[in-house]
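Could you put together the complete structure from these sequences and hints?
With mature numbering (1 follows the signal peptide of the UniProt record, and there is no 0) applied, the sequence shown covers -22 to -1, 1 to 357.
Hints may be right or wrong, so weigh each one.
Quick list of in silico lysine-lysine cross-link-like pairs, DSSO-like style, CA-CA up to 30 Å [unchecked claim]:
| # | residue 1 | residue 2 |
| --- | --- | --- |
| 1 | K291 | K58 |
| 2 | K338 | K157 |
| 3 | K251 | K299 |
| 4 | K58 | K31 |
| 5 | K354 | K304 |
| 6 | K354 | K153 |
If you're looking for bench data, these hints aren't it; they were derived computationally from the structure. Every value quoted in this text rests on a predicted model; they were computed, and no experiment measured them.
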Amino acid sequence: MNRILAASVFGLSLATSSLAYAEPVKIGVITTLSGGGAGLGIDMRDAFTLAMKQSGNKDVELVIEDDAQKPELAVQIAEKMIQGDKVDLMTGIIWSNLAMAVVPNTVAQDVIYLSPNAGPSALAGANCNPNYFNVAYQNDNFHEAMGQYANKDYKNAFILAPNYPAGKDALTGFKRYYKGALAGEIYTQVGQTDYAAEIAQIRASGADSVYFFLPGGMGIAFMKQYAQSGVGIPVTGPGFSFSQDVLPAIGDAAIGVKNSATWSKDLDNEANKKFVDAFKAEYKRLPSIYAAQSWDTANLILAALSKADVKDKDAFRAALKAADFKSVRGEFAFNNNNHPIQNVYIREVVKEDDGVLTNKIIATAFEHHKDAYAEKCAM
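Structure representation (structure tokens):
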């Protein structure tokens, strides 16, 4: 496990804080820092710690541990953080199967959990909880946007995703708005790196397009093998499959690919410009979607802490719900189920003059988009 007590690290270098907290606040961060999904968790951790550092607050302590993308380990860490470390808040989980293993028990113990990424449908509807805030999205959202956008050009799509909660939500979301036929629909193994069989099915399917959700190393492997196969059928995906953390590894095969996201580095607002500049200056790389969502999560927490004592759960939940912070996504608000109401954009992968692959926004798929499960939430 990778455990960091961030308060002692930050306290050596931070300026005096303008925020006054009643007592130190301890935040448990469980994220993926090793294995094939490590890049996602590293971006999450780096953005979160940077936001805390730049806040100038010395009274927030971070307890950061590596879940190694293993649900059983995440459960053990969560229990230790709640019972042993006595954390006030929890965040950090990237993967939906880990979120489903950790979040229900965490919120049942009256610990507030804020998701910087995973947004399983099972936690957005009838099983919503006042202690659960998703600062990223509901899993279906990016895929709904690409399903709608696909209607412009395609009528016979082949769709695939990993066989875990986010993968199932992904294809459900795509099909919710896509009006064409399906040449094929398959679920792959989580962590899979050989896609020869799936690519053969795509080649033989008669599809006019491929939509895939394969985050992290899975997407890198698929895109490299797909490009080498010479199949040539156009591919699209959610922003996770073409996020900044994976584009360097995919290479030029990603150029021109359309993908959907609630954030892009070229979003024109002051908070986003400051975030991108700060992240680049600190880490010498461009931020990803995971970093942007984590930055917002940290700043939401900081904003709520400036207005309410974390020990006063009702007041603190109300402060979180108000979402009175400058989001890198621009307009941001919580729906009744504590999931975002936000815009979803279509982006295109481009190569900049310096040779760096990145994304630029080319269209807005949805404005003020609400997830499909909020109406089932009784909050």
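Here is what the structure says about each hint:
1. K291 - K58: Distance ~21 Å between K291 and K58 Cα, so the pair holds.
2. K338 - K157: holds (26 Å)
3. K251 - K299: With Cα atoms ~25 Å apart, K251 and K299 stay inside 30 Å; holds.
4. K58 - K31: Given that 30 Å is the threshold and the Cα spacing comes to 25 Å, the pair holds.
5. K354 - K304: holds (29 Å)
6. K354 - K153: This hinted pair holds, its Cα atoms lying about 20 Å apart.
In terms of the numbered hints stated before, the structure departs from none.
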